[in-house]
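Student: Dock chain P against the given chain S, drawing on the hints supplied.
First to last, the sequence lines map onto chains S and P. 344 is the number that this note's numbering gives to position 344 of the first sequence; each next residue is one higher, with no gaps. 166 is the number that this note's numbering gives to position 166 of the second sequence; each next residue is one higher, with no gaps.
Simulated from the structure, these hints should not be mistaken for laboratory data. Just so it is clear, CB atoms sit at the ideal spot from N, CA and C, and this is done for glycine as well. Warning: the hint list may mix true and false statements.
Pairwise CB distance ranges, derived in the manner of DEER restraints [stated by the list, open to error]: (1) P:Gly33 <-> S:Glu5: 38 to 44 Å; (2) S:Ala50 <-> P:Lys134: 25 to 31 Å; (3) S:Lys325 <-> P:Ser137: 51 to 57 Å; (4) S:Lys423 <-> P:Asp170: 54 to 60 Å; (5) P:Ser269 <-> S:Lys326: 50 to 56 Å; (6) P:Asp179 <-> S:Glu5: 51 to 57 Å; (7) S:Lys325 <-> P:Ser60: 33 to 39 Å; (8) S:Pro340 <-> P:Lys21: 43 to 49 Å; (9) S:Asn7 <-> P:Asp183: 21 to 27 Å; (10) P:Lys58 <-> S:Phe323: 16 to 22 Å; (11) P:Thr299 <-> S:Lys325: 44 to 50 Å; (12) P:Tyr176 <-> S:Leu28: 31 to 37 Å.
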Amino acid sequence: MRMSEKNNKQNKLVSITKNLGFEFRTTLKLSIKYMKEIFRSKLFLIIAVALPAVLMIFMGVIFGGPISSVQSFNILVINDDIGYTNDTVTYNFGELLINSLEDILYPLEEGEEPMNLFYVYETEVYNQSTEDYLIYEEHSLHLTMLIPEDFSEAIFNFDSDVEITVVGDPATGVYQSALSAFTTIYNEFVDSVRLSLGDDTGQSIITETHLNIVGNTTIFDLMVPGFVIIGIVMNIVFVASILAEEYEKRTLEKLQLTPMRTIHLIGGLAIAQLLVALVQIIVLFALSLAFGYNAIGSYILAGAIVWVMSLSMSAIGMMIASFAKKSTIASSISSVVAIPLYMITFFPVWGIATIPMFQINGNVFGVFDILPTNLATRMVNQVMIYGQTFSDIRFEFVSLIIVTLIYLTIGLVLISLLKLRPKKE
Amino acid sequence: MSKTAIQIQNLSKVYTTNNTKAVDSLDLDIYKGEIFGLLGPNGAGKTTLIRMLVGLLKSSSGQILFNGEELNVNSSKLKNLIGYVPQVAAFWDNLTVYENLNVIGTIYKIPSKELKERINHLLEGLYLTDHKKKLASKLSGGMQRRLNLAMGMVHNPQILLLDEVFVGLDPQTRNYLYDYLRDFASTKDRTIIITSHLMEIVDALSDRVGILDLGKMLATDTPENLKNTHGKGDILQLEIDKEFDETLISKIDKSVTDITVETKDQTISIKTLNAISKMPEILNVIEEEGFTIQDVKLTKQSLETVFISLTGKELRV
Numbered sequence: 001m002r003m004s005e006k007n008n009k010q011n012k013l014v015s016i017t018k019n020l021g022f023e024f025r026t027t028l029k030l031s032i033k034y035m036k037e038i039f040r041s042k043l044f045l046i047i048a049v050a051l052p053a054v055l056m057i058f059m060g061v062i063f064g065g066p067i068s069s070v071q072s073f074n075i076l077v078i079n080d081d082i083g084y085t086n087d088t089v090t091y092n093f094g095e096l097l098i099n100s101l102e103d104i105l106y107p108l109e110e111g112e113e114p115m116n117l118f119y120v121y122e123t124e125v126y127n128q129s130t131e132d133y134l135i136y137e138e139h140s141l142h143l144t145m146l147i148p149e150d151f152s153e154a155i156f157n158f159d160s161d162v163e164i165t166v167v168g169d170p171a172t173g174v175y176q177s178a179l180s181a182f183t184t185i186y187n188e189f190v191d192s193v194r195l196s197l198g199d200d201t202g203q204s205i206i207t208e209t210h211l212n213i214v215g216n217t218t219i220f221d222l223m224v225p226g227f228v229i230i231g232i233v234m235n236i237v238f239v240a241s242i243l244a245e246e247y248e249k250r251t252l253e254k255l256q257l258t259p260m261r262t263i264h265l266i267g268g269l270a271i272a273q274l275l276v277a278l279v280q281i282i283v284l285f286a287l288s289l290a291f292g293y294n295a296i297g298s299y300i301l302a303g304a305i306v307w308v309m310s311l312s313m314s315a316i317g318m319m320i321a322s323f324a325k326k327s328t329i330a331s332s333i334s335s336v337v338a339i340p341l342y343m344i345t346f347f348p349v350w351g352i353a354t355i356p357m358f359q360i361n362g363n364v365f366g367v368f369d370i371l372p373t374n375l376a377t378r379m380v381n382q383v384m385i386y387g388q389t390f391s392d393i394r395f396e397f398v399s400l401i402i403v404t405l406i407y408l409t410i411g412l413v414l415i416s417l418l419k420l421r422p423k424k425e
Numbered sequence: 001m002s003k004t005a006i007q008i009q010n011l012s013k014v015y016t017t018n019n020t021k022a023v024d025s026l027d028l029d030i031y032k033g034e035i036f037g038l039l040g041p042n043g044a045g046k047t048t049l050i051r052m053l054v055g056l057l058k059s060s061s062g063q064i065l066f067n068g069e070e071l072n073v074n075s076s077k078l079k080n081l082i083g084y085v086p087q088v089a090a091f092w093d094n095l096t097v098y099e100n101l102n103v104i105g106t107i108y109k110i111p112s113k114e115l116k117e118r119i120n121h122l123l124e125g126l127y128l129t130d131h132k133k134k135l136a137s138k139l140s141g142g143m144q145r146r147l148n149l150a151m152g153m154v155h156n157p158q159i160l161l162l163d164e165v166f167v168g169l170d171p172q173t174r175n176y177l178y179d180y181l182r183d184f185a186s187t188k189d190r191t192i193i194i195t196s197h198l199m200e201i202v203d204a205l206s207d208r209v210g211i212l213d214l215g216k217m218l219a220t221d222t223p224e225n226l227k228n229t230h231g232k233g234d235i236l237q238l239e240i241d242k243e244f245d246e247t248l249i250s251k252i253d254k255s256v257t258d259i260t261v262e263t264k265d266q267t268i269s270i271k272t273l274n275a276i277s278k279m280p281e282i283l284n285v286i287e288e289e290g291f292t293i294q295d296v297k298l299t300k301q302s303l304e305t306v307f308i309s310l311t312g313k314e315l316r317v
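Bound-form chain S, shown alone (with noise of 0.2 Å):
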């Protein structure tokens, strides 16, 4: 008696183990033959990997120049200049510095009011803490000026450079856009003013210091994540297209005759996309090293970010593709909506505000995190701009993680519930 209960429990267990090797072999089955159709697309190899390459390349050569969409900068400015006197004559040339940049007025349109180019805040005390935390947090801050205590007596000396460190966080385009304008104005001010006492001899210099930065960022560093980003959340199309031309050539009916569940079509696929964004992130982020990208995080680390925000494009592909009836439908739909997500990828680099939506001990879930782009983004910046850890983005990556088997189940509720159930009409 015994001896058969054991021997059931053997059959079972076999029987198990036997039902799960199938069913992975069904999904692993499934994902080969989306692989298979995927690398076998001329639109795939155009679309997902030779048009964001296109675009590396582009930005990498001819990106130079700042972005410039703000049109008032807010500037912290600590002002230690002493003054200087001469012939009974005090001046403070940081005091003159703040007036004039205060007093820069320029008009946005014909007719309209004029505006101020840059909003001065002063403080007395340089807190780096503080400066983090006004710059990273609010955004309110663009751009934080160290006017020294020798700055006009440097002014006096005509022999000497007249220095000034701007201290600013170049993972913000609005940093890069803030200095450009304020080098301009603090070149011709230094210029004039030396050039109304006797001589213009001496240069103006500007020290730049970046925020947890080593070396120099460049705009095309700041761009490189939405690059390698976009490849990703061009696979929107990919999944999307590619099920819909399932439903629309009526292959899903076969599979939908066969024992195949929603979650073996729904896993083989994010299987393919998952390997075929492997190849899209290593492909996208070599051609960025090939182009100058100024990195110092973890390259493992920031590959493992995009690749987890693909399973939500993946996602999204399939919300999509249970709606559309045609695979030229699905194409053009999900095209307007990568639209926007890929624009989001690039909110870091025009320094738009985070909108918080709930906080967890101190970590701020914005209203943008919804969007997984945008996480995955602000955490590529991260880490490899300013070298953080995993442990420095725990709360954001958990957050992808969350936001992916959300975006995830829904895809596979209305794949599901539209397309493969018998149809009523």
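Tutor: Chain P only, in chain S's frame:
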């Protein structure tokens, strides 16, 4: 053990979008081991019926039993039992012939070695072995239809539903497929349901035929019985050498039983079942009356005439 493979009980399908009753309170038994031909004009409800049988379409009311059991459309029992070959060839363009079959077979959980053997057997049988490494999109139309067929059969289903599979096939392939299906049905009590507008194929292949129109089954029987019961018989047309009068017609009518005679100019048209057997008798009467036959034309009874007789219209394809 039930002898019926499929029992359709009071099955209806109403399309709410255009308020059309595609299948109307249908009752039908299809037996194990038989080839059942389903005839009907476009819009008769054939494809709707087939799609309900395979679980792709929800019925509005009624019941379908397989081997005496009502099966859930998602049950693997039903899915393993049934094979469906749709009218429109469906396959993955960017996969080879072998890969297409391999994907389907794997999902049916056929062990690898056995699947390989089955695929090779099917490919050989359907003359696709030389093309197994070709992408499906590169195949000719006929080959694509054969691949479509193989994909519906790779799991050796007990019940095979074929929707217009003979369309677009060259005569050689059509004949081959004809033999293949006969062979397929003859083993292990397999059941085949076939819809086609090619009546001669349905006539020759089917053990029983059902004629469906406007969602209703007008008649179900063996092709021979349908022809005898519902057909108007063969038509024998005889062209006579000179003008004749009513005397000749009434003599033919009296001498030969179960015939309908009509005349036009110098031609006598006789409608009767099994005209060949009555021909010597008819010819004798004509010659005895001193007439000579110049031309004979025999139009055999066919399912098409049964179809027209039942539906009152030509088959719309």
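Student: The structure should be examined with respect to each hint, and the outcome stated for every one.
Tutor: Do the hints match the structure? See the list:
{"no.": "1", "hint": "P:Gly33 <-> S:Glu5: 38 to 44 Å", "result": "42 Å, holds"}
{"no.": "2", "hint": "S:Ala50 <-> P:Lys134: 25 to 31 Å", "result": "27 Å, holds"}
{"no.": "3", "hint": "S:Lys325 <-> P:Ser137: 51 to 57 Å", "result": "21 Å, violated"}
{"no.": "4", "hint": "S:Lys423 <-> P:Asp170: 54 to 60 Å", "result": "34 Å, violated"}
{"no.": "5", "hint": "P:Ser269 <-> S:Lys326: 50 to 56 Å", "result": "54 Å, holds"}
{"no.": "6", "hint": "P:Asp179 <-> S:Glu5: 51 to 57 Å", "result": "52 Å, holds"}
{"no.": "7", "hint": "S:Lys325 <-> P:Ser60: 33 to 39 Å", "result": "23 Å, violated"}
{"no.": "8", "hint": "S:Pro340 <-> P:Lys21: 43 to 49 Å", "result": "46 Å, holds"}
{"no.": "9", "hint": "S:Asn7 <-> P:Asp183: 21 to 27 Å", "result": "41 Å, violated"}
{"no.": "10", "hint": "P:Lys58 <-> S:Phe323: 16 to 22 Å", "result": "20 Å, holds"}
{"no.": "11", "hint": "P:Thr299 <-> S:Lys325: 44 to 50 Å", "result": "46 Å, holds"}
{"no.": "12", "hint": "P:Tyr176 <-> S:Leu28: 31 to 37 Å", "result": "35 Å, holds"}
When each numbered hint is compared with the structure, violations occur for hints 3, 4, 7, 9.
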